[in-house]
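Number of protein chains: 2
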Amino acid sequence: MKRKHGISGFPEWLPEEKRVEKQLVTLIEEIYSSHGFTEIETAAVELMSTLASKGEVDKEIYGLVRARALDDKEAELGLHFDLTVPFARYVAQNFNSLDFPFRRYQLQKVWRGERPQKGRSREFYQFDVDTIAIDELPVAADAEVLEIQSKVFARLQPVVGNYLIRINNRKILLGFFSEVGLDAEAQEQARIIIDKLDKIGEKGVRAELQEKLALDTKQIDRIVEFTSRKHTGADAIAFLKELSFTSEQFLKGKSELLELLGLVSEETLSSLQVDMSLARGLDYYTGAIWEVHLDDHSEFGSAGGGGRYEGLTARFINKKLPGVGASIGLTRLVELVLSKSLMPVDTKCPTKVLVTVLSEEQRINSNRIAEVIRGEGVPAEVFFKTQKLGKQIAYADKKGIPYVLFIDENNTEISVKDIRAGEQQSVKDIALWSRNLADA
Amino acid sequence: MKRKHGISGFPEWLPEEKRVEKQLVTLIEEIYSSHGFTEIETAAVELMSTLASKGEVDKEIYGLVRARALDDKEAELGLHFDLTVPFARYVAQNFNSLDFPFRRYQLQKVWRGERPQKGRSREFYQFDVDTIAIDELPVAADAEVLEIQSKVFARLQPVVGNYLIRINNRKILLGFFSEVGLDAEAQEQARIIIDKLDKIGEKGVRAELQEKLALDTKQIDRIVEFTSRKHTGADAIAFLKELSFTSEQFLKGKSELLELLGLVSEETLSSLQVDMSLARGLDYYTGAIWEVHLDDHSEFGSAGGGGRYEGLTARFINKKLPGVGASIGLTRLVELVLSKSLMPVDTKCPTKVLVTVLSEEQRINSNRIAEVIRGEGVPAEVFFKTQKLGKQIAYADKKGIPYVLFIDENNTEISVKDIRAGEQQSVKDIALWSRNLADA
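Sequence lines, in order, name chains A and B. Under this note's numbering, the first sequence is numbered contiguously, ending at residue 443. Under this note's numbering, the second sequence is numbered contiguously, ending at residue 443.
Here chain A stands alone, though its shape is the one from the complex (with noise of 0.2 Å):
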């Protein structure tokens, strides 16, 4: 489709290409609801404080300055760069009006403010569910979440063909490596090197252990051995469950891996490979972390992904509300269906009945058919001047539109004409015709 271009990185749909975001959301809504999450929204500002990381703005952050005021350099509020931190500032500062276990959705914009660059989204949509609770919270909850985001992708088959859940669980992969020999804070950088196995290989992770963490050989083989282990269904569960290394953490980890494997459904389960390599680049993380591939689009990297974290609400309140969320990147999984044409882009409006016009007297009365083909929900619209037949016809083939209706000059007879199937009906009762159309 060519058209000018926008500004870089801040991408624009056609109506047709809007309708198929739409119906995305809707699928993936639908699932979130039938969960029971609920929809909160925030503002798409935070104070500058806020998005801050220990005092320091270490993200590309967009600050909002007064234009009539661009000498007032301070820019105190900024655009949310995610939407976890828009979450957790608003379930401490919400603490007392809110029921807990908290459990809700949000589809929301968030922005990167880094400099236009060919392939970097400067504006995006994602898709998060969370539930968070008071003091505890069952490993029940993480099942839960992963099992919706599972359930999304089941759902997606058909369009982006199957999926695989890489899963593991931040305390087996931190107790591992102290069961090599790390401490607290080589283990947090193990793990961050082991999170680019995917882009600098095993050659690339061996090296980085050894210049940073001054790892020899025997311990560098170990982790690559043990960071190298995938097992999918049953075969996952038996490999987890001779694992017999004693650290607490790892322990602690292994059994709430292994419960979490006995809380998901069965097709979950043959989704689900334990690997052992997985560590996710977020901080906040602290048991299980997933991440979904696509099998047929594995240029895509990770579609979607999810984990437990314990304190992610601690900057705001003085409260121990242990959480675990999965998001989805939509507007990337939009840019992934419309590019490869995964989905028919085809329709450009609602409506499904053309109501056309012979002549301006005619239209109080075109007027009135389509209000009741309205009224028994069918989308319809009335040409909106007198035009030939074959103009309206042709309008009605170019929006997508599948059924045009003509009125006779005495408003006596109707006909509609199936624009597909090219085939026309007289039509007695429009209302009886409009629910059918409705119902089918």
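Honestly, I wouldn't trust all of these hints.
Note: identical chains are not told apart, hence a pair may lie in one copy or across any two.
Said to hold, decoys possible - Here are the simulated lysine-lysine pairs, PhoX-like style, with alpha carbons at most 25 Å apart: (1) Lys112 - Lys25; (2) Lys255 - Lys62; (3) Lys112 - Lys21; (4) Lys323 - Lys391; (5) Lys323 - Lys112; (6) Lys343 - Lys199; (7) Lys25 - Lys401; (8) Lys388 - Lys255; (9) Lys221 - Lys391; (10) Lys112 - Lys343; (11) Lys112 - Lys206; (12) Lys25 - Lys388; (13) Lys388 - Lys420; (14) Lys323 - Lys388; (15) Lys420 - Lys431; (16) Lys233 - Lys420; (17) Lys394 - Lys322; (18) Lys233 - Lys199; (19) Lys21 - Lys121; (20) Lys322 - Lys388; (21) Lys21 - Lys233; (22) Lys202 - Lys62.
Calculated directly from the structure, the hints in this document are not laboratory data.
Starting from the known structure of chain A, fit chain B onto it as the hints suggest.
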């Protein structure tokens, strides 16, 4: 509802309030779609040069600066302050990919880069609907958009009470001013003065007409008399027909308004008041203009408005693209509904059935039953941990979940309690029970 305040001017809703907003959005969206209008969404940002008018930033705009580079004080991008400028830019940019008449609706946040001030929103939703055509757009399009706006408030009548749509035509107003002897520039100035009638009163209007335009008492008397005319229904049509000024512009406006009144439904006509004082502030209107007022909430100002324009896209493309549009200040409407408790704010989540758990061993069975319920289209939630049943029921009650489901220890018998009615019944076929609930 007491809670900590967020950032002034950036309203955020609690989950149950967000659900009220969603109901209003759904209602409006249904009406827009039923006429075949399709949704588009533009980026939150525009080039600052796009947002500036005639090269000057004369609005309250938030400019974006990269927080890591706050010294580049050139804000090249800014957040849109309405949906009109982005819509015009979008139509021009995608001109070759759109089918005309292009009929779209758009629900997005807009931002005003103002100093924080009580009662001033700096972020809020607008909900716009427009038809735009190439070269020529008949008055029928105005009638449809007006009809749609009227339908929204007719559907909202049980919530916000009766409404009145004040309507005029810019050409009538300007044409009348020319009858009184004003040149084109003075006509525009007189329009701006008349628009302030509600604020400054007749006395203020008289003073400004004299001071700013140096009109004589006779001219001022004529203007004040003419703009005091307000007529409804058949009376309005008779009033318009009798007006016999000779200015071409006036006659064009009169015939457009009469045609418009002839094309709307009787219900809409009965809600219209032809009001010669209605001028509206926005520059770009050229024909019909209207504003919606709520009888029971006169302090609220206008709840919506719209009008006909010709040159909206002229800055962006060298084509004649006349259009007509209407807008609803959604966030303001939600604020009205919430502040006056016009809709029930009691359900805090979509869940219809809370499935309880007697023990963690039972959870898998509870999950299975919840899946059956969801399969019938009924949102269901399994309680997140094992607690006394009384606590699980209390949770459902607090969240506004209407049904609580119990399973006996042997996982063989199911019963459901209707929390509001206080009745409990045994259920043999949970799928059937759920289907009935979904259909109810």
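Here is how each hint holds up against the structure:
In this homomeric assembly, Lys112 and Lys25 come within 25 Å of each other (Cα to Cα) both inside a single copy, at 14 Å, and across copies, at 18 Å. In the homo-oligomer, the alpha carbons of Lys255 and Lys62 never lie at most 25 Å apart, since the shortest distance is 33 Å inside one protomer and 58 Å across protomers. With identical chains, the CA atoms of Lys112 and Lys21 are at most 25 Å apart both within one copy (15 Å) and between copies (17 Å). Proximity of Lys323 and Lys391 under a CA criterion of 25 Å is satisfied inter-copy only: 22 Å between copies versus 70 Å inside one chain copy.
In this homomeric assembly, Lys323 and Lys112 never come within 25 Å of each other (Cα to Cα): the closest approach is 28 Å inside a single copy and 34 Å across copies. When the C-alpha separation of Lys343 and Lys199 is checked against a cutoff of 25 Å, the pair qualifies neither within a copy, at 28 Å, nor between copies, at 54 Å. For the homomeric pair Lys25 and Lys401, the shortest alpha-carbon distance inside one copy (21 Å) is at most 25 Å, but the shortest distance between copies (32 Å) is not. Proximity of Lys388 and Lys255 under a CA criterion of 25 Å is satisfied inter-copy only: 19 Å between copies versus 71 Å inside one chain copy.
For the identical chains of this complex, Lys221 and Lys391 are neighbours neither inside a copy (83 Å) nor across copies (52 Å), given an alpha-carbon limit of 25 Å. For the homomeric pair Lys112 and Lys343, the shortest alpha-carbon distance inside one copy (23 Å) is at most 25 Å, but the shortest distance between copies (30 Å) is not. With identical chains, the CA atoms of Lys112 and Lys206 are never at most 25 Å apart, being 38 Å at best within one copy and 48 Å at best between copies. Neither within a single protomer nor between protomers do Lys25 and Lys388 lie at most 25 Å apart by alpha-carbon distance, with minima of 30 Å and 35 Å respectively.
In this assembly of identical chains, Lys388 and Lys420 lie within 25 Å of each other by CA distance solely inside one copy; the values are 19 Å within and 57 Å between copies. Taking CA atoms no more than 25 Å apart as the test, Lys323 paired with Lys388 passes between copies only; the shortest distance there is 17 Å, against 64 Å inside one copy. In this homomeric assembly, Lys420 and Lys431 come within 25 Å of each other (Cα to Cα) only inside a single copy, at 14 Å, whereas the closest approach across copies is 48 Å. Taking identical chains as interchangeable, the C-alpha atoms of Lys233 and Lys420 are never at most 25 Å apart, the minima being 57 Å within one chain and 46 Å between chains.
Taking CA atoms no more than 25 Å apart as the test, Lys394 paired with Lys322 passes between copies only; the shortest distance there is 21 Å, against 66 Å inside one copy. With identical chains, the CA atoms of Lys233 and Lys199 are at most 25 Å apart within one copy only, with a shortest distance of 17 Å there and 72 Å across copies. For the homomeric pair Lys21 and Lys121, the shortest alpha-carbon distance inside one copy (22 Å) is at most 25 Å, but the shortest distance between copies (36 Å) is not. For the identical chains of this complex, Lys322 and Lys388 are inter-copy neighbours only, at 19 Å across copies versus 64 Å inside a copy, given an alpha-carbon limit of 25 Å.
When the C-alpha separation of Lys21 and Lys233 is checked against a cutoff of 25 Å, the pair qualifies neither within a copy, at 38 Å, nor between copies, at 43 Å. Taking CA atoms no more than 25 Å apart as the test, Lys202 paired with Lys62 passes inside one copy only; the shortest distance there is 21 Å, against 47 Å between copies.
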